[in-house]
Amino acid sequence: MSERPYITCRELIDFIADWREGTLAPTERFEFERHLAVCPSCVAYLDSYETTVAALALLREREAPPAEVPPALLDAIRKARRG
Amino acid sequence: MPTTPLNPSPAVRCDDARLLERLRGGDDDAFDLLVRVHARALLATARRMLGVESDSQDAVQEAFLSAYRGLSAFDGRASVATWLHRIVVNTCLMRLRAARRKPEHSPLSLLPEYLEDGHQRTDTRPWRALPTQTLERVELCRLVRATIDELPMVHREVILLRDIEGLGTDEAAAMLGISAGALKVRLHRARQALRTLLEPHFVEVLS
Ligand SMILES: [Zn+2]
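In the order they appear, the protein sequences are chains A and B.
Mapped onto this note's numbering, the consecutive letters of the first sequence carry residue numbers 1 to 83.
Mapped onto this note's numbering, the consecutive letters of the second sequence carry residue numbers 84 to 290.
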């Protein structure tokens with residue numbers, strides 16, 4: 001039985017982006033998940049990171065195009081092109 | 084929809100090709116059509132990136148002019164909508180960078196703090212879930228928007244490009260003049276910074 005030390009919280013947090021993308025090497029992924037299993041603080045961190053990303057997705061979805069463009073802007077663009 | 088379809092239907096592509104041909108021939112009506120069809124989406128992008136209304140309109144005008152001047156450089160591989168979107172994002176990025184800003188948080192101060200052994204200095208407390216009610220969601224979007232505006236520029240621009248405007252890693256990296264690897268690290272740091280600023284609004288109040 002190996003007595004490998006756990007990765008640190010710092011390493012885990014640095015790995016989050018790659019872990020979410022599934023680009024961690026198998027050993028790193030194993031260590032990532034082994035740390036999570038024993039560290040409630042990192043579980044909470046990962047969860048809050050996911051919530052942050054989900055909040056950004058919600059913002060992106062809700063900020064729809066404006067209903068209309070001011071006619072003055074359209075005119076200004078046409079005029080500007082003619083120089 | 085903030086982003087434009089990356090794979091437009093064949094009909095749209097065909098219209099794009101005809102429109103480009105007319106534009107390159109100096110057709111006034113074609114430019115009018117381009118502006119009428121795409122101004123709404125461009126203005127939406129400019130408002131998301133700049134917030135200030137007059138700035139947004141100026142940016143849209145500037146973007147259409149850049150597009151017109153850059154017609155010969157456009158290879159038609161992306162749709163006209165995507166091409167114009169990238170131009171207005173870049174225009175807004177330059178404006179954001181040029182704008183004078185109030186003193187900002189230092190990027191490092193928004194990252195987690197660790198003890199010497201690499202453990203978190205203070206335990207992260209659980210967050211409550213995102214709201215499901217419409218009104219609370221509207222409020223949340225306002226909060227996230229205001230918080231993005233507080234981020235240091237280096238974080239703000241990568242969040243705007245990747246998470247708000249939906250650019251891919253390579254496109255965003257090229258626009259910021261960094262490698263794809265550096266872009267990924269920067270996005271991770273930026274999301275961490277946003278997480279730090281949102282935290283007080285999300286931790287469960289312990290009674
Ligand atoms: Zn941990």
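Everything labelled a hint here was simulated from the structure, so no lab data went into it.
None of the values given here were measured: they were computed from a predicted structure.
There may be inaccurate statements among the hints.
FRET-style restraints, in silico, Cβ to Cβ [to be verified]: (1) B:A263 / A:V53: 15 to 25 Å; (2) B:G134 / A:T27: 51 to 61 Å; (3) A:G83 / B:T217: 18 to 28 Å; (4) B:G153 / A:R20: 33 to 43 Å.
Per the computed footprint, the stretches of chain A lying under chain B, defined by three or more beta-carbons under 8 Å from a beta-carbon of chain B, are [as the list claims (entries may be wrong)]: (5) 27-37; (6) 40-52; (7) 69-76.
Positions of the beta carbon are idealized from the N, C-alpha and C atoms, including for glycine.
Each hint tested on the structure:
1. B:A263 / A:V53: 15 to 25 Å: holds (19 Å)
2. B:G134 / A:T27: 51 to 61 Å: Because 45 Å falls outside the window, the suggested range is violated.
3. A:G83 / B:T217: 18 to 28 Å: Violated, since G83 (chain A) and T217 (chain B) (Cβ atoms, about 47 Å apart) do not stay within the stated range.
4. B:G153 / A:R20: 33 to 43 Å: At roughly 36 Å between Cβ atoms, R20 (chain A) and G153 (chain B) fall inside 33 to 43 Å, so the hint holds.
5. 27-37: The restraint on the segment 27-37 of chain A is violated, since only 0 of its residues have a Cβ under 8 Å from chain B and three are required.
6. 40-52: holds (count 10)
7. 69-76: holds (count 5)
Hint compliance for this structure: hints 2, 3, 5 are not met, and every other hint is.
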